[in-house]
Amino acid sequence: MTQPQKRLTYESVRMGVDYYPEHWEEALWEEDVSLMQKSGVAVVRIGEFAWSRMEPRDGEFDFGWLDRAIDLFGRYGIDVVIGTPTHTPPRWLTDKHPDVLPVFPDGSVYYPGVRGHRCFNSRSLRRYGERLIDKLAERYAGHPAVIGWQTDNEFSMLDSQSPQAAEDFRDWAYRKYGTLDNLNREWGTVVWSGEYSDWSEITPPLGGSPYQNPSFLLDFARFQWDTVADFQNGQIAAIRKHCPNHFITHNFHSYPQRLDLYKVGEALDFASFDYYPNTSPDKAATSPYSGALSLDVTRGVKRKNFWIMEQLSGSPGAWMPMWRMPQPGYIRAYAWQAIARGADTVVHFRWRSAPIGAEQFWHGLIDHSSVPGRRLAEFAQTSEEVRRLAPLLEGTAPEAQVAILMSHEQLEALRIQKQTDNFDYYENIKEYHRALTKLGIGCDVIDWRQPLEGYRVVIAPNLYLLDEEAAERLCRFAADGGTLLLTARTGVKNMNNVCVMRPLPGLLSDCAGVTVREYDPLGSDIVRLDTEEGGQFACSQWADILDPVEGERTEVLARYGGHVFFAGEAAVTRHEFGRGETYYLGTHPEEDYLRSLLLRIAMQRGLACAEGLPAGVQISVRGGDSGSYLFVLNLGREARKFRLGGIYAEAVRGEGLLSGERPGSELELPAYGVEIFRL
Amino acid sequence: MTQPQKRLTYESVRMGVDYYPEHWEEALWEEDVSLMQKSGVAVVRIGEFAWSRMEPRDGEFDFGWLDRAIDLFGRYGIDVVIGTPTHTPPRWLTDKHPDVLPVFPDGSVYYPGVRGHRCFNSRSLRRYGERLIDKLAERYAGHPAVIGWQTDNEFSMLDSQSPQAAEDFRDWAYRKYGTLDNLNREWGTVVWSGEYSDWSEITPPLGGSPYQNPSFLLDFARFQWDTVADFQNGQIAAIRKHCPNHFITHNFHSYPQRLDLYKVGEALDFASFDYYPNTSPDKAATSPYSGALSLDVTRGVKRKNFWIMEQLSGSPGAWMPMWRMPQPGYIRAYAWQAIARGADTVVHFRWRSAPIGAEQFWHGLIDHSSVPGRRLAEFAQTSEEVRRLAPLLEGTAPEAQVAILMSHEQLEALRIQKQTDNFDYYENIKEYHRALTKLGIGCDVIDWRQPLEGYRVVIAPNLYLLDEEAAERLCRFAADGGTLLLTARTGVKNMNNVCVMRPLPGLLSDCAGVTVREYDPLGSDIVRLDTEEGGQFACSQWADILDPVEGERTEVLARYGGHVFFAGEAAVTRHEFGRGETYYLGTHPEEDYLRSLLLRIAMQRGLACAEGLPAGVQISVRGGDSGSYLFVLNLGREARKFRLGGIYAEAVRGEGLLSGERPGSELELPAYGVEIFRL
Amino acid sequence: MTQPQKRLTYESVRMGVDYYPEHWEEALWEEDVSLMQKSGVAVVRIGEFAWSRMEPRDGEFDFGWLDRAIDLFGRYGIDVVIGTPTHTPPRWLTDKHPDVLPVFPDGSVYYPGVRGHRCFNSRSLRRYGERLIDKLAERYAGHPAVIGWQTDNEFSMLDSQSPQAAEDFRDWAYRKYGTLDNLNREWGTVVWSGEYSDWSEITPPLGGSPYQNPSFLLDFARFQWDTVADFQNGQIAAIRKHCPNHFITHNFHSYPQRLDLYKVGEALDFASFDYYPNTSPDKAATSPYSGALSLDVTRGVKRKNFWIMEQLSGSPGAWMPMWRMPQPGYIRAYAWQAIARGADTVVHFRWRSAPIGAEQFWHGLIDHSSVPGRRLAEFAQTSEEVRRLAPLLEGTAPEAQVAILMSHEQLEALRIQKQTDNFDYYENIKEYHRALTKLGIGCDVIDWRQPLEGYRVVIAPNLYLLDEEAAERLCRFAADGGTLLLTARTGVKNMNNVCVMRPLPGLLSDCAGVTVREYDPLGSDIVRLDTEEGGQFACSQWADILDPVEGERTEVLARYGGHVFFAGEAAVTRHEFGRGETYYLGTHPEEDYLRSLLLRIAMQRGLACAEGLPAGVQISVRGGDSGSYLFVLNLGREARKFRLGGIYAEAVRGEGLLSGERPGSELELPAYGVEIFRL
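Chains as they are written, first to last, in the UniProt record's numbering: chain L, 1 to 679; chain X, 1 to 679; chain A, 1 to 679.
If you are wondering where the hints come from, they were derived from the structure by calculation, not from laboratory data.
Every residue, glycine too, gets a C-beta built ideally from N, C-alpha and C.
Warning: the hint list may mix true and false statements.
[To be verified] For each label pair, taking beta carbons as the anchor points, the in silico distance ranges come out as:
#1 Glu26(A) x Pro105(L): 51 to 57 angstroms
#2 Val371(L) x Arg185(A): 41 to 47 angstroms
#3 Gln381(X) x Val556(L): 27 to 33 angstroms
#4 Arg127(X) x Gly208(L): 50 to 56 angstroms
[As the list claims (entries may be wrong)] One-sided excerpt, in silico: chain X residues whose CB lies under 10 angstroms from chain L:
#5 Tyr20
#6 Tyr111
#7 Pro112
#8 Val114
#9 Thr227
#10 Asp230
#11 Asn233
#12 Gly234
#13 Pro328
#14 Arg387
#15 Leu389
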């Protein structure tokens, strides 16, 4: 291996696996690790569920087995990431300190038996968890094989309503609002006589009804985000004290998470993601695109490259019946997709399927039989390719001139009050992202609070909550020459989830150059959308009836058609604003329209794009000091033959870095085929 | 305004809005009220959720803001109805007296946060509620703007199983049955060893399983009806003590209610209804008819005209995603439909959409933006029309020669034991009512215990429970010359929900002139129905196999057809009984058959009807000392052109009172068009 | 009646009814019993819900009414079976000893009100129940009318999590594993830090999540099976003490039951079943076959003839809306189906529909009206036929050369971890059984632990859990000349629900002559199955990719086809093993394929079969010392005309024992027609 010294360990491009030494007879370990080495495993993650083995009884620590495992990896040149095991408190702890257990919104306790049975507000959990992490960090700070840490596992919103959570929420509210008068006013509790007359009356949303005061519910979500971030900060402090040179990451999963990724990501060195693209033929048309979005979202958490900490290795099955088994090429193609979109290290879950416990059918690279098979071979092939190209790829990262803004506050607020039956904030983001991806236009997906410098186009779907700061930043972006795209349900509320008493899109009306005269919540009903060029499309979800602001250069791009009472009214507009422009989409058009609109913008703004990509084919570019590389992936179930034109035409006449072959005028990729070209 | 003095204030025909002064900065009030006056608002309802503002702390009353609001309305000539705010007990009360909170059948508490968090059995709620109402009534008894009161808000069955509810149910049962022996015998508790050996064993239906003793479950429902009526009586007494000249009403909602409307309506001066006709295009074919039924049901509560206390003003959205926005004409047309069917005052919910709280998207006449728009303009136009026609309409009321009998005891008993998968008592009433409405035949919908004098035709679907008194009254109606229509599942049980040991239709066999030999619970299966004239229809739900009683003049009108084993057996019969007749429908035929049968009856009994009404078009007549008026409403989404024949032919050659125009030989109404003619 | 003395009372072939004297005025009894006698009732079951009448108050027993009822039956020559009433503890008992009540997995209590409100672990229930049974048994031991006992009623899994259940489970686990180290190792609790550090930490599956450790969950099910068996053993001991000559049975119901029938059946003299074949036309194609399976399953519980303790007499309706009424012939045909498959006594539920209680619409032979009708007449006709043929049928039993293995451990384990979305163990058994039944091949359905001697073919679907003993027995069966049929998901786990680390089908690989290279969990996706003869079929659920073991005589019978990556790979194989053969089906083929495969086997193994049976027509043979009888039943809704060939050709030229007629070359049966021939 010829890794340049300048790269930090976590910026290496390489492959790994998740391993659970505690699940296997120790006699099996070396055989496993030796085969890992042969298969190209460079990193393992271990330990994240092993509390009961690290501390079998209160204060009795046993790290002997862990020492032996880590030493073994070290001997075989495999780096180790340790997961802190707070996701699974042991029974002696929950028995001794039941406050460790979350309390569900219906008042029932989340008992041990599954996993994730830990209330982030529990003082016992923090005390015991940090004590163990302190010991771990102290012990492995200097171990040459250990390179970093994963906090807990797959954080998610638990809505724990334990007494401690209630108490902490009261404190949080007190710190935010200072007085009950402020709180009552900002939350609008006067409605339904909900005014609090004493701080003790403030509780989590008891009963768990989703139909409570939306200002209160949004703040309860924010409180939980702060709680998880604070819980993680305690762990991070314990690790950094001993291991200042180790990295710390967390493995996010299953987007959209209600938990604010950006808040939880703040203190991390980089983000990780657990990537399980759906293997069902029914999902074959959408799964490669929602997967692409998940990767872009993960990259956006820290606006830098990331890890895959768990990557699909076989059919998952545990909470749900088993999925289809990944077919040949699937494991390799999706590993390359992750790398193409900014993953550096890709760790596959898991080495071998577990014979015990509730995830027996969450298949690893090797089946229960322990006979190495097709999937391990494919992994080994991929590892070999990754190892070969790593020197080129290290230090490169995806580059984008387009950003989609993502906001967990919007997501949560629009979950609390679902606008119409098919209105879904994250699904809307998916559709914009998919339209870009099908056009071969790379984009970043970033927190809506991030600076926008460097982008030419910013797409900001459904900015339902808005404040002066955000509005001003977006206006400035457009005024300074950017293309800003806004959609229906923008500027509806202030940040306390209270409706604004001004025409929509509220604080962004000037920038958009339109006001919403009235609206019709279409839901699943379909309405015709007529473009000024004579095209007819479908739209649904919502219909803002737009009035261009008088005296402004606002152009109507599409109008409602058909039999609705607002037929002929403006639906989509473009406003020349300062040195830039703002598009406003008052409805949710079908993908064909989105694609044609985004293509028009791409042409006008000079964005690199690739018209005519076949279904399932995705391209990405990673660039850096070592050059730029074009990834071409066929994530579909059919072989595809196609041309890449424009700026990519020349690149694909060069040698394919994986196959070593030069394609002719047409690229031909089998199902799950991958090729990489120097750009 | 030229209102004759003879009319009570609540019999005025006029328009109003619901307003929440406590939701807005006081600075905004006068602007609002002034605009209300300009828009034709004659009445407002206020106060029904404002307990925490009227009594911010235990015993500390603050009516200053309410004084100022009511004074303001008075200054602008707008009458005020005050809602008692017991629907939303304040947090200090639930905190101090948790017995105020209902307990769900699964044992969980209904916490504050939504609304309706009050157990009607709670002594604290009654004590505190009546204390507040006493203060309110005393204070506003003499205020010239205040004309009446609404009790609580939208009563419904809560199935509260609080300890006090259990104790009260025990008492209720003791008062009804006297001894456990009686109770055990009447409820048939011997089944499954359910015999009570001590009064303390009597509880609400713990666990909430719907599969418990049906006699017990029906009595538990009756107990709840009595509880709500008693709860309301406490409020009424407090009001009447101070305000003998004010009216008292309650706003019913969302039929069918499990709560017995007639029981709760007893002590009211008149009934009110909250009317939200569904705006979805998917419901366009049925919504105008189920709406018409709701209005007729409300009129039947007191057998007199009523109010709409909340009328659709915009898309609702809170518990559910937002509905479609009412299209132009919708608000006006449905206001006129309400008046056509006996509403005098129509109060729109609400003035302006709330920027705060959980009902932010339950849209008012004015949007959050506070910019008056299309919907307010339509309301103002309607107000102007109503003001113009009020002198004609005041004192008139819908008149009917047909009655449909409705019974909450049947509804509840048939809910407890659903007969077949598509058997639904209220849906069956809907179908009879819709068939009449499509024929232009007006009808009353009245409590099945009401006297039947004055009707020519009485339709009594599914009189499942029966006693001698009811049977005797129905027999007498037919014997005295009326046309009585009975259906399957009549006379199955006594009033204790116990099956009778005699051939069906039990106590009504003689009157019906048939007995049920056996039956087949068809459910959703479709069976053919062959009329004696050779027509073929479909029927479902149920099939009674009928034996005409020997020696009686019982004519078979339709028989089962097709491949069922009872093909050829009698399904529908007509029995000449005394000076009248009894129809018995042993099955549930499709609407086409119902319409043809009802048309035949209408012809024979000389009922006014209007064959050939287009879909969505409804007619109604209001008559009184000032004359009779024919309302013609197009509640469909398409313009309609049609003739009205028979007794209406001449009327519609006269001047339309709304447009001032005379239609030609054909009436032409746009979508949501309305016209009124002198009859 | 000419019953030979050698038959035990419970081996008589005859008809009965279920009767509840306590539900009726005593004045009605004799009229009822007299009509029963006229209708051919030879047996009644009584008492199983009458605890509150037998012991109205703690320790106060009242058997007077029961004496009078039993005496009355005796006078009319009707035998009596007494049900122990522990299914419905009286209110005084649950009030005094709330530990009698089960606790649901969500922590809520199963209150009285329905039935079955008894925790099998409750010490109070056992104490009070056995005290009452002791009194009953002592009292009726010598009564000439009483012939036997039914324990409790319709045992099922309750998953009670009462404190006593938790304590008993701890003990059970201690007795099984001895040490926590053993238990932790065998259950694999190390996963997710689930290791128990103290016995007190062992609880039932709190929270009730189905996604817990599968080894633990399977043992909790086994614990419950043992609990119910033990609970029943207490009752049986109390009965046998006084009534050594009475039989004891239990009425099983609603297969598949999660409760282990074989475990609970061990201590019984024979099994009984409550048989309610679905009357819906929608189920007409499947219900006769799933009914046939239920009967064969019941016969397999004790591998001998059985009783029907409750047989459909009219539309059921209670938990669910009413079903369709059985059409003419239905009651008779299904009674004969039961007898054809090994029922001796058939007791119809119930004499008359109950006017009281929650099962009012579970119709008896007589309607509430008490007017005897069509259904009673059909019952009486059937009774008369049964009485006439009883001398021939008594002592005969169904004989089979094929066995399907059934296992409650597999059922439970595959319920705990559903393999794919349409993978269902019992449904799979149904499909094999239906294919056999459509071919006219009789089979036994027996516990998978039973000896296999005497069978030519053994079908063992989805033997997911396996141990050496079972594997060895199956291998021996094949090696000794049997035909063994195995399917996908065989040998996956050991008996502790832990996956085995060897190629599948694990311990049966040698016997099957194949190993599973890898698999694809197809779920509902359809894949093509190509036979070596060129046939094309569909398969789903699962796809094992099979490698014939080298050097073995393993023949590939079918391969996967179409576009899957494993097209061309072996799916179905046949292995010559010792003197026999093993078929392995790596997938779940459609029924057509199953039928063609089973027909091929039947031909090769010389099994009697009847190709070309029309849909709904079933044949069965009962044989014994008195000869062999062929039952031909048309359980379909259409009349059928068909030939029976092969070994049945001659029999059906003889006289039909029911009609006394000789059919021509073709048999002709009306809908629900039945005929019986001497073989």
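Any hints this thing doesn't respect? Which numbers, in order?
2, 4, 9, 10, 11, 12, 14, 15
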